[in-house]
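Sequence lines, in order, name chains A and B.
The first sequence begins at 2 in this note's numbering and counts up one residue at a time.
The second sequence begins at 67 in this note's numbering and counts up one residue at a time.
Quick caveat, the hints were computed from the structure, so don't treat them as lab data.
Heads up, some of the hints might be wrong.
[Stated by the list, open to error] Here are the simulated DSS-like cross-link-like pairs (lysine-lysine), alpha carbons at most 30 angstroms apart as the crow flies:
#, chain 1, residue 1, chain 2, residue 2
1, B, LYS212, B, LYS861
2, B, LYS85, B, LYS192
3, B, LYS73, B, LYS663
4, B, LYS517, A, LYS130
5, A, LYS119, B, LYS99
6, B, LYS517, B, LYS73
7, A, LYS5, B, LYS192
8, B, LYS638, B, LYS212
9, A, LYS130, B, LYS788
10, B, LYS99, A, LYS16
11, A, LYS130, B, LYS861
12, B, LYS470, A, LYS130
13, B, LYS99, A, LYS130
Since the structure is predicted, the reported quantities are computational estimates derived from the model, not experimental observations.
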Amino acid sequence: MSLKHDIEFTLNGIKRQVSVDVTMNALAMLRDVIGLTGTKYGCGEGECGACTIQVDGVSLNSCLMFAVDCDGRNVTTIEGLANDTTADALRDAFVEHGAVQCGFCTPGMIMQADHMVKSECCNDTDSIKRGIEGNLCRCTGYKKIVDAIAAVSGAQT
Amino acid sequence: MSVAEKKTRIIEPDTLIGKRIRKMDAPEKASGKTRYIHDINLSGQLHGKILRSERIHALIKSIDVSAARALSGVHVVITAVDVPDQRPIGVARDHFPLKVGRVRSERDEIAAVAAETEEIAEAALKLIKVVYEDLPVISNPEDAIKPGAALIHPEPHGADGSHEHLKQGTTIAHKGKPDNVAMTFDYAHGDVVQGEAESDVVIEDTFRLHYVTHCCMGVSGMIAEFDASGNLLMYSNTQVPFLHKREFAEYLNIDPARIRIIQPPIGGGFGSKLDIYPFEVICLYLARTAKRPVKMLFTREEEFLASPTRQPVLLTLRSGCKKDGTLTFRQVHTLHDNGAYTSWGATTPFVMMQTFSSLYRVPNCDYHTAAVYTNNPYAGSFRGYGNLQATFAIEQHMDMLAEKIGMDPLEFRMKNAQDAGEITGQGMSFKSCGFKDCLTTAAQRSDYSRKVQENKANRDKPGNIKRGIGMASMLHVGGGAKIYPSDGCGTILKMDDFANVTLITGASEIGQGSETVLSQLVCEELGLPISAITVVNNDTAITPWDVGVHASRTTFIAGNSAIGAAKKAKAKILAVAAKKFECAESDLDLRGGFVIKAASGEVVIELSKLLRNLHFQDKAELVMTTFYYEPPSVHQDKGFKGDVSAAYAWGTQVVEVEVDTDTGRVRMTRVTGAHDVGRVLNRLGIEGQIEGGVVMGQGYALTEELLIENGVMQNPNFRDYKLVTAPEIPEMDIAFIESMDGEGPQGAKGVGEAPAICVAAATANAICNATGVRMFELPFTPEKVYRALHGQTPKRYWTPWKAE
């Protein structure tokens, strides 16, 4: 029905090829074509951050990225952080600090937090709050999420 | 054996109660491994999509689906004509899943498609041609209730086959109404006329509460599949699986026993999933017709358009008091925008009247209300259930009355606050009540009384940033709510031969942490670590009955039920152990995974070893118990007198703000809360509930508003519907008042809804403290505040509508 395009990229450390519809976004490719469902659809227009992934080490909303633009890039999803020291620490901190309730925003939050911690941009709680400004959470009121990230980044609280 | 080797082992007493217990489902969720409904796909599954109305209020003259049916990949296209057995749904059974002959709001469902992919289903929707004949749109309740207003539900559609789309004898959706009134409530105790006569001060104001919606991060969805024998399996996000089982059975005209509902983890509930919505029934019709599993997921825009809302209310409050600060009467009229159909929103006055009649001691109170049909989105249940609206008015009047008689607002509240042992004019009985402790604790921790004076004194000083502090309190059910004939919850508890427990409970986990709290309560009884328990709570084919997750009831009701089952298990174990070791059962206890001597803590036998012995002797399931808990509350009478809950939760919140008088921007800087929760069970969980509720309340107060113009939603997206983001959250200081409720599980009461209730009211009081200007209409957006500060908001008067 519609035009397909073959791309090759690195997903969670493993090279892979995939044929995608040219109108498809990276979120749909990850979830519906590849079958990795840790990345969540929350709004589809870059407002909620539930679909946050990292591309070449930078966090972005996968719903705003064309799947074809993943060609040749290095893409990491929540599943790809399974053996990552920083992400492990973040996961533990989220659990320990009660930063997870319904959990729907959590993978996106952790992808964002991982990028923030790795790029050393969260020295205090204000910068952590600004860092996750694009990630909506309806359950927790954010406080425990900020606490969890601060515990890993060593930010002053 | 040497003496040293025989040395006895002592297990010291320990408790799980009040500790910071990690949420059991958090590691999976934080790893992205949790499979929400969006992440589940069945083989052979089709994708369902709904065509919604292009008009707000219109007759449907014709629907042409032929092009959609002809599209490659389309399996099923249905309209009302194709499901002649449709039955009316909703709280008042006033609409069909697929609308018949008439649409009454933007969200109205006209046709549905099941196709190979979502894209094909969407393409098919675009091929459906509908011819409408427009009708006048009624977009506000004040117009809807005027005599001679156009009727939203004028005719019996389909009575005795009078409608072309309905079979002879089909249940009619709605008998038709002579006016647009959907539901009314009338309540009274005492004599308000006499109360007013005894008053030294009387004030009356009209408050306007707005449209907001739940904004669950996970959009709505479901999957339906019929097996070869016509049994239905549903994957659903419902908060009330057992009630829905019965209701879906009614809609499908099948035996409820043939319906199984599985609840995958849910991306937020907050009350949004208490009613059955058209999409769910439509998904069943598609699956039934297609004979394939059908999955239906909303887009975010659809989630805004077709989810329930909190009910907008126009509220006129007249209150009085004596010079000494004694409240004399309270008279309330509310007009609720029901939207086009009736869901739980229409029944929120049931909760609102509790606040009007019983938050403070009011000798005379009456309350009249009507929910009226309009062509707006229809309102459902939402965390707090009318109490945010009621509290917004009541707590502003508490400040205003105090001001009038020159009394400190805290002192005025203390003078009228309820105590334990009180039975209110409505007949609510407060067995545990930490209200006064909440008031004084929140006031002390925030330095309220000093700051109130200081801010007032600073009001006229130069500078555009004005600081304000405001307080509000709340009363809410905390021990279940007798809304249905039963408010109970069943538990099945099973122990294996490694002393691991399987807790099978009717109570659903919706992210609030019920599975962890229930585990704590069971493990506390059985002297086991949390790691020893597995919870099964999401499958109606397995779990015992429960009325549902609502009314802040799960910890209290399901908790007591779980404790009951654990106690039975414990009794069985101790009986076996006492027999084996030839002692009295009362000499023994369970602790740290061992049977111990109760007096000394000395180990008698490892619990798993005892259970394995049992295994080889009896060849039966080791320890299995069932328990059902129905709280000791009774139904209210027809005048709403009586108790509705076995326990009540209390709370006071103090909000501090900075108001920028140049821009009207209000920054919420600090919230100090004191909540009577009975007892803290999981400290980590309860903090999370309160913080999340406060920020939800902050959104209600400051940023969130569904803008509906002439029936059309203007902002169905997160760009224009402003949720609070991380940088905006206030500093939060939360204190817990432990009133140790006699009926509560380990003394605990419900808390789920409580924290969202007071924030808007306290914020209004804080803005007034900062600026001297009182705000009667939510939300406090910069524009609204700026206008109010510059005298551009005329005081609103509304002549309440009175029932004939």
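Problem set entry | Holds or violated: LYS212/B to LYS861/B, with C-alpha atoms at most 30 angstroms apart | holds, 22 angstroms
For this session: Below or equal to 30 angstroms on CA atoms is what counts here, so check LYS517/B against LYS130/A.
Result: holds, 28 angstroms
For this session: Given the hint that LYS85/B pairs with LYS192/B, test it: the Cα-Cα distance must not exceed 30 angstroms.
Result: violated, 55 angstroms
Problem set entry | Pair hint LYS470/B and LYS130/A, alpha-carbon separation not exceeding 30 angstroms | Distance of about 42 angstroms is beyond 30 angstroms: violated.
For this session: Take the C-alpha atoms of LYS517/B and LYS73/B, compute the straight-line distance between them, and say whether it is at most 30 angstroms.
Result: violated, 62 angstroms
Exercise. LYS130/A and LYS788/B: Cα distance at most 30 angstroms?
Worked result: Holds, at about 17 angstroms.
Exercise. Regarding the pair LYS99/B and LYS16/A, is the alpha-carbon distance no greater than 30 angstroms?
Worked result: With a Cα-Cα distance of about 22 angstroms, the restraint between LYS99/B and LYS16/A holds, given a limit of 30 angstroms.
For this session: Below or equal to 30 angstroms on CA atoms is what counts here, so check LYS99/B against LYS130/A.
Result: It holds: about 26 angstroms lies between the C-alpha atoms, which stays within 30 angstroms.
For this session: Quickly compare the C-alpha distance for LYS119/A and LYS99/B to 30 angstroms and report which way the hint goes.
Result: At roughly 23 angstroms apart (the allowed maximum being 30 angstroms), LYS99/B and LYS119/A satisfy the hint.
Exercise. Does the alpha-carbon distance linking LYS130/A and LYS861/B stay inside the 30 angstroms limit?
Worked result: violated, 38 angstroms
Exercise. For the pair supplied as a hint, LYS5/A and LYS192/B, is the alpha-carbon distance within the 30 angstroms limit?
Worked result: holds, 23 angstroms
Exercise. Is LYS638/B close enough to LYS212/B, meaning Cα to Cα at most 30 angstroms?
Worked result: Not satisfied, since the Cα-Cα distance of roughly 66 angstroms exceeds 30 angstroms.
Hint violations for this structure: numbers 2, 6, 8, 11 and 12, all remaining hints satisfied.
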